[in-house]
Amino acid sequence: MSSGDKQEYKLTRISADYWRVTIDHPPFNIFGPQSIPMLDQVVTEIERDATVKVVVFDSAVPGFFQTHFDFVPPLETTTSMAPGSTGLPPLPDIFVRLTRSSVVTIASIRGRASGVGSELALACDMRFASREKAVLSQFEIGGGFTPGGGPMVRLPRLIGRGRALEVMLSGNDYPGELAERYGYVNRAIPDAELDEFVDTLARRISSFDKQSLADIKQMVNASTLPSNTEVAAEWSSFIASVQRPAAQRAITELMGLGLQKDPDVEVNLPRYTAKVNARH
Amino acid sequence: MSSGDKQEYKLTRISADYWRVTIDHPPFNIFGPQSIPMLDQVVTEIERDATVKVVVFDSAVPGFFQTHFDFVPPLETTTSMAPGSTGLPPLPDIFVRLTRSSVVTIASIRGRASGVGSELALACDMRFASREKAVLSQFEIGGGFTPGGGPMVRLPRLIGRGRALEVMLSGNDYPGELAERYGYVNRAIPDAELDEFVDTLARRISSFDKQSLADIKQMVNASTLPSNTEVAAEWSSFIASVQRPAAQRAITELMGLGLQKDPDVEVNLPRYTAKVNARH
Amino acid sequence: MSSGDKQEYKLTRISADYWRVTIDHPPFNIFGPQSIPMLDQVVTEIERDATVKVVVFDSAVPGFFQTHFDFVPPLETTTSMAPGSTGLPPLPDIFVRLTRSSVVTIASIRGRASGVGSELALACDMRFASREKAVLSQFEIGGGFTPGGGPMVRLPRLIGRGRALEVMLSGNDYPGELAERYGYVNRAIPDAELDEFVDTLARRISSFDKQSLADIKQMVNASTLPSNTEVAAEWSSFIASVQRPAAQRAITELMGLGLQKDPDVEVNLPRYTAKVNARH
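Residue numbers (this note's numbering), protein chains in the order written: chain A, 1 to 280; chain B, 1 to 280; chain C, 1 to 280.
Pairs count within a copy or across copies, as identical chains cannot be separated in the list.
Computed cross-link-like contacts, EDC-like style, restricted to lysine to aspartate or glutamate with a CA-CA straight-line distance of at most 20 Å:
#1 K210 - E253
#2 K275 - D199
#3 K275 - E196
Honestly, the hints are just simulated from the structure, not real lab data.
Let the hints inform the model, and build the full structure from the sequences given.
Here is the structure:
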């Protein structure tokens, strides 16, 4: 695994049946090609363990749950990777496996969940957001391309056509309370209570019968998950669009303004995507 | 009909086109094998009547709309019953017939609607809950088994994958206002206004053209109801899981703690399901 | 085009990529057979333009976004029209083309959106409502017939079976805030802020890459739009039901009470539909 010397996904076995995966890639929890094998390894461990029932995803980096794809490495670094066990390219493969896994997954969102961060949250079974400190977004349209990791197929099923189109066509920020109103997260919880709320819920679920948890999830999946064909189509749309001139220009300009370097750009992404799309 | 000397579903013809079915099986409105032919008879009367347009389901028992399946009779009492007119086993058969009926059904929920009570409400066309006194839940996972009467196929279509998984994997209580936020009920109404609200709505609907009411419901059903195959799969999941050792142990322990006898257990079910699932 | 001397849909090109369509048919923005070719022309212009990205629909008539179908002209005026490019009758054809168009459409709802007005809003990609001044409804059942322009197939997918049945079986009014809670609109915005909110959003979207906007919309459409067969079935249901005696009687009585003439009837439609359906 060419993941360098830093494991971005820190797996903690709180107990045999309750694990925590903490995203730790400061300063912004950016997700790059090198993150793929690391997240893949975590998901593989989840799949192979016969005991674990619940996994909580959270972040160790203040201000960020997980943000967008890393625009520095060449796209080929990602597109040249071998497909995963579902036959899908690695990133959609990982998210599909999370949704299909018999293990229950909970996203505990504090800070920005933009792009891949929102997609990871949408691949979890439940999402709880800090009322004061969580922000979800699919900002991609502001960079001139489409999302690729699931929201085009998962978000409409979760929050309906109108709100899903708004989220993805505006590229705007959705803070905790608004995200709850839209159904983008299960609930927005006061920040001071979020950790205990999620921990209590996770412990409760992890005390239940593993087989019945799996049975319930599998039956719910049958009427709610997109097909692999739809997931693949979304990824193809992302790969095609991100190579078009409009995206290349917008991304170059965003990088020039300080994307991935200046916290102000990462924190106020909708303002900067507006800037690079102003009449030119 | 071997329903004993007490009719648990009291049918009141408020007018030719507006009926009320009041659940009256104190002290907890438990639903047992003996309830099945009684509810079946009520649904059959609804199906055969050429005039009725609206039926409201409510409860005569303080604190309970309708609670869970009776664990005292042997399972065979239920599984040996002949299938209903849909070809499904009796309980899912009754709920499917309610959803497909041309008559409009409204659940007026005051008190606990756990397990079968929540499932009956989900089989109705609309649900209104007392803001202060209604509590919905699918507690089954806390007993080591899966739901069987519809929520695994109906709840995700109603409230989305994330919230449906939370409800069924946590087995927690959802009071009126939270149930409204999740879309689990249409609306939570202040308790003092609930009866008049539902009565006004029912009278209004019952004044409209019966054929057009049926046409609208049928067309909405086409894109929203699960197939009978899915309904059957959920029932099979329940029957299989409830016979597994994990469920047998949890149910025995719950009964030992006072389930079906002690009001404290019925009213605080999530606390007691936590207790019997604590590390052992 | 036999639309008389008044264009009911006023098209303003705010910029090459951001248009506004203002409904201007005082006093109630009633939609009649003569409106069909006018709205068709606007939609055709949207389809044929290579540059436009966003179209906002709003109203110039105080108190009304767009209200119901005109009951004065004989039904044959509508049913004798040639089908549109989708092969569907003209009104459902127009709405289907709006939903499938690569252009992003936003309904800015101030005043009543009853019947066709609600259907036009549901055919848009997003809906924002004045918190104080918007009212949505599908009042048709109160006239003894079923909706025809989309809500039977679009509303359940947007807001779920329970709330969609309530809206269409009750024929009641849904003011802005309640419409938001139900997901009937994306958001209810304080009236004083609505215009700026929608304008800011529309300008933002119109600054983005046209191809990526279209890609996102198309992929969301794949999992959210009804088939043309379902759309056709709804229209047939409307045409059949509106010719039945129950509808003919109710419409005649509503017209007698002042429908399409007296503002009190248009503004308090649920009260008048109750009146004509009182026991007789």
